[in-house]
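Order-wise, the sequence lines are chains A and B. Take 3 as the starting number for the first sequence in this note's numbering and just add one per residue. Take 3 as the starting number for the second sequence in this note's numbering and just add one per residue.
To be clear, the hints were calculated from the coordinates, so they are not data collected in a lab.
Note: identical chains are not told apart, hence a pair may lie in one copy or across any two.
Derived pair list, reagent style BS3-like, types lysine-lysine, alpha-carbon separation capped at 27 Å:
(1) LYS83 with LYS28
(2) LYS203 with LYS148
(3) LYS83 with LYS27
There are 2 protein chains.
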Amino acid sequence: MLNQRMVGLGTQRSGIRELFEYGKKKAAEIGAENVFDFSIGNPSVPAPPSVNETAIRILNEMDPIQLHGYTSAQGDPVARKMIADSLNRRFGMNFTGDNLYMTYGAAAALCCCFNGLANPGDEFIVFAPYFPEYQVFIEGAGAKMKLIPADTEAFQINFEAFEAAINEHTKGVLVNSPNNPSGAVYSESTIRKMAEILEAKSAEYGEPIYLIADEPYREIAFEGVDIPYLPKFYNNTLVCYSWSKSLSLPGERMGYVVVPDEVDDHELVYAAIAGAGRTLGYVCAPGLFQRVCAANADETSDISVYETNRNLLTKSLREMGYSVVEPGGTFYIFPQTIIPDDIAFCKRAQFDYNLLIVPGTGFGCPGHARISFCVPTERVERSLDLFDKLAKSYR
Amino acid sequence: MLNQRMVGLGTQRSGIRELFEYGKKKAAEIGAENVFDFSIGNPSVPAPPSVNETAIRILNEMDPIQLHGYTSAQGDPVARKMIADSLNRRFGMNFTGDNLYMTYGAAAALCCCFNGLANPGDEFIVFAPYFPEYQVFIEGAGAKMKLIPADTEAFQINFEAFEAAINEHTKGVLVNSPNNPSGAVYSESTIRKMAEILEAKSAEYGEPIYLIADEPYREIAFEGVDIPYLPKFYNNTLVCYSWSKSLSLPGERMGYVVVPDEVDDHELVYAAIAGAGRTLGYVCAPGLFQRVCAANADETSDISVYETNRNLLTKSLREMGYSVVEPGGTFYIFPQTIIPDDIAFCKRAQFDYNLLIVPGTGFGCPGHARISFCVPTERVERSLDLFDKLAKSYR
Numbered sequence: 003m004l005n006q007r008m009v010g011l012g013t014q015r016s017g018i019r020e021l022f023e024y025g026k027k028k029a030a031e032i033g034a035e036n037v038f039d040f041s042i043g044n045p046s047v048p049a050p051p052s053v054n055e056t057a058i059r060i061l062n063e064m065d066p067i068q069l070h071g072y073t074s075a076q077g078d079p080v081a082r083k084m085i086a087d088s089l090n091r092r093f094g095m096n097f098t099g100d101n102l103y104m105t106y107g108a109a110a111a112l113c114c115c116f117n118g119l120a121n122p123g124d125e126f127i128v129f130a131p132y133f134p135e136y137q138v139f140i141e142g143a144g145a146k147m148k149l150i151p152a153d154t155e156a157f158q159i160n161f162e163a164f165e166a167a168i169n170e171h172t173k174g175v176l177v178n179s180p181n182n183p184s185g186a187v188y189s190e191s192t193i194r195k196m197a198e199i200l201e202a203k204s205a206e207y208g209e210p211i212y213l214i215a216d217e218p219y220r221e222i223a224f225e226g227v228d229i230p231y232l233p234k235f236y237n238n239t240l241v242c243y244s245w246s247k248s249l250s251l252p253g254e255r256m257g258y259v260v261v262p263d264e265v266d267d268h269e270l271v272y273a274a275i276a277g278a279g280r281t282l283g284y285v286c287a288p289g290l291f292q293r294v295c296a297a298n299a300d301e302t303s304d305i306s307v308y309e310t311n312r313n314l315l316t317k318s319l320r321e322m323g324y325s326v327v328e329p330g331g332t333f334y335i336f337p338q339t340i341i342p343d344d345i346a347f348c349k350r351a352q353f354d355y356n357l358l359i360v361p362g363t364g365f366g367c368p369g370h371a372r373i374s375f376c377v378p379t380e381r382v383e384r385s386l387d388l389f390d391k392l393a394k395s396y397r
Numbered sequence: 003m004l005n006q007r008m009v010g011l012g013t014q015r016s017g018i019r020e021l022f023e024y025g026k027k028k029a030a031e032i033g034a035e036n037v038f039d040f041s042i043g044n045p046s047v048p049a050p051p052s053v054n055e056t057a058i059r060i061l062n063e064m065d066p067i068q069l070h071g072y073t074s075a076q077g078d079p080v081a082r083k084m085i086a087d088s089l090n091r092r093f094g095m096n097f098t099g100d101n102l103y104m105t106y107g108a109a110a111a112l113c114c115c116f117n118g119l120a121n122p123g124d125e126f127i128v129f130a131p132y133f134p135e136y137q138v139f140i141e142g143a144g145a146k147m148k149l150i151p152a153d154t155e156a157f158q159i160n161f162e163a164f165e166a167a168i169n170e171h172t173k174g175v176l177v178n179s180p181n182n183p184s185g186a187v188y189s190e191s192t193i194r195k196m197a198e199i200l201e202a203k204s205a206e207y208g209e210p211i212y213l214i215a216d217e218p219y220r221e222i223a224f225e226g227v228d229i230p231y232l233p234k235f236y237n238n239t240l241v242c243y244s245w246s247k248s249l250s251l252p253g254e255r256m257g258y259v260v261v262p263d264e265v266d267d268h269e270l271v272y273a274a275i276a277g278a279g280r281t282l283g284y285v286c287a288p289g290l291f292q293r294v295c296a297a298n299a300d301e302t303s304d305i306s307v308y309e310t311n312r313n314l315l316t317k318s319l320r321e322m323g324y325s326v327v328e329p330g331g332t333f334y335i336f337p338q339t340i341i342p343d344d345i346a347f348c349k350r351a352q353f354d355y356n357l358l359i360v361p362g363t364g365f366g367c368p369g370h371a372r373i374s375f376c377v378p379t380e381r382v383e384r385s386l387d388l389f390d391k392l393a394k395s396y397r
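Chain A extracted, bound-state conformation:
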């Protein structure tokens, strides 16, 4: 008998992936220009030229035995120092390379945190709307996900539900700002209030409650939006980062966990994360791209198209009568569906209008739909009439 949980996870097709496959099939039938695939969160702008330039330079110049050899499990020390320096410059921190543990993207960074921290029976709090793979990672670590209903007014935090959910089993709280799927960014006042609650509850239960920040969208922030750096607000913060979105490198799988010195027993926490990486079979993050990402730690892809699309969609959807919270970052927007049944709404969008958008139910937030606007602006423009017709079809 195989492990049935793993069979299930490997067999289940994600709804998003199914929409995407439908889109490809439909495009072959009626022409790609007539299908509006807003299903998938794949960056639509290339990596900045400096990424491939750095890769080629390193391939040409560095001794191949060293370049392609194992790095230490924590990551190449030179790369870690470069990344720490970049964080220090940009966020006024005092990290050294020893605060960083390099991983295969943010997914692996999260898995290291969950597996390193959790004991059986532990709980991690997650706020809706949320990236559904969190549950897979948390349960894979033998822990339990506790979901806090969305604050659908502003996609900040439903503090009453949050405070009520914390108990003696709470090992950590996971936040994702800028958020997939809402695009919302936590304000400084949201963060301060959350930190206060976490301080008080940690004291009450006599154990640290860790704040785990999943930050693949940190660099995709729109004009005037500040994304506070969480370790400044709460000591027991672990930051999970990925270059998947900022450098458009999702397939190269490169990211890290930051364990600041301010974390209680930070050396033991770092050790637990490294032990988890060992148990999960990670060995070390890929050598070439550790160096490439470190050399490009201050760069981003040209993300201006995302802001153009955000502006266009927010304004247009509101004019059509959709209720929508303006995203502060990411390449997602998460309007209310015109009817409460988001699944029926998205099916009508798909089958009647060739608009492929994802029901909020899968993100723990029914009555909404995610539009991934990491597409050329002309495609957004040509879709607007269809979104309008879709809304009108319910009147």
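Starting from the known structure of chain A, fit chain B onto it as the hints suggest.
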């Protein structure tokens, strides 16, 4: 309270790593030419030039959004087909790309198998001498490792102990041929006998017992040595491969699992492996090196130095009075220590002769020591007098 198992795994320094660090320190004191570091299994020959050439060509030619984008979780279909074709050419198989699941090296491939197959209480059989990280991976999947004592005559299989160890909890058997640390290659008759036992026991317990082949050293085989391809001998075989050693790319973390069609319920087994990859946070194997390794699937580094070193060490150690089984592959040799206490022997080697070799105890095989001869031949030559003096010191 952190997960203490993970803290332990992250804090524990491996004995091999400690020897390696000692060697670097000692080299700084007395000169690198006076320290003979045979501790670590890092390839000492560069990747073949075609590796970097392919990488640079792909970086120059391929659309960066596609190149650096997510591949499917199973891996890029073109890369998988190229690898399947290479296996078919070389081993007379009939694989398609759908039989392959791309992973971060063999470690991740093994973790996918253990996590995909195992239910709580399941056991995996491992033969001494063995790579100690197997235990970490197996226990990480919630299963138990059952160790079969070594056949120290030939480093084949102690069949009596093997047969006695199989029971209704046996989910799989892990083999590593060519073997780290002994360099031994299982003969066709060993494999046939093992397969017969597995067939009979699978029938007896009414459940398949999977044979998991860890094959990072497959391509490092010496003249006249044939390494049988295990799926030809036993249907329920999963092959875990890595290019770490054959292409000298250990830091790039690229490998795969093969799930042949002949495996019982092969589609469910493949799904379980994919589900495990999802739970472990793998997402997809790195995009650039999937393509680079696929394009170089028929290549190897220039591994002739390993054969030269193997010949020199086997002959010389025997002349000095060491009892040694000649390695058929890898870059390891595993002589008996002159005294039964391999730890004391290796300490004397280290402190009196600056020979850094690893006690067999850590590999589940006391009374032996591993010499990693992935070093320039002149270093082996200059060490011989010291190995001789070390042997004589016990007379």
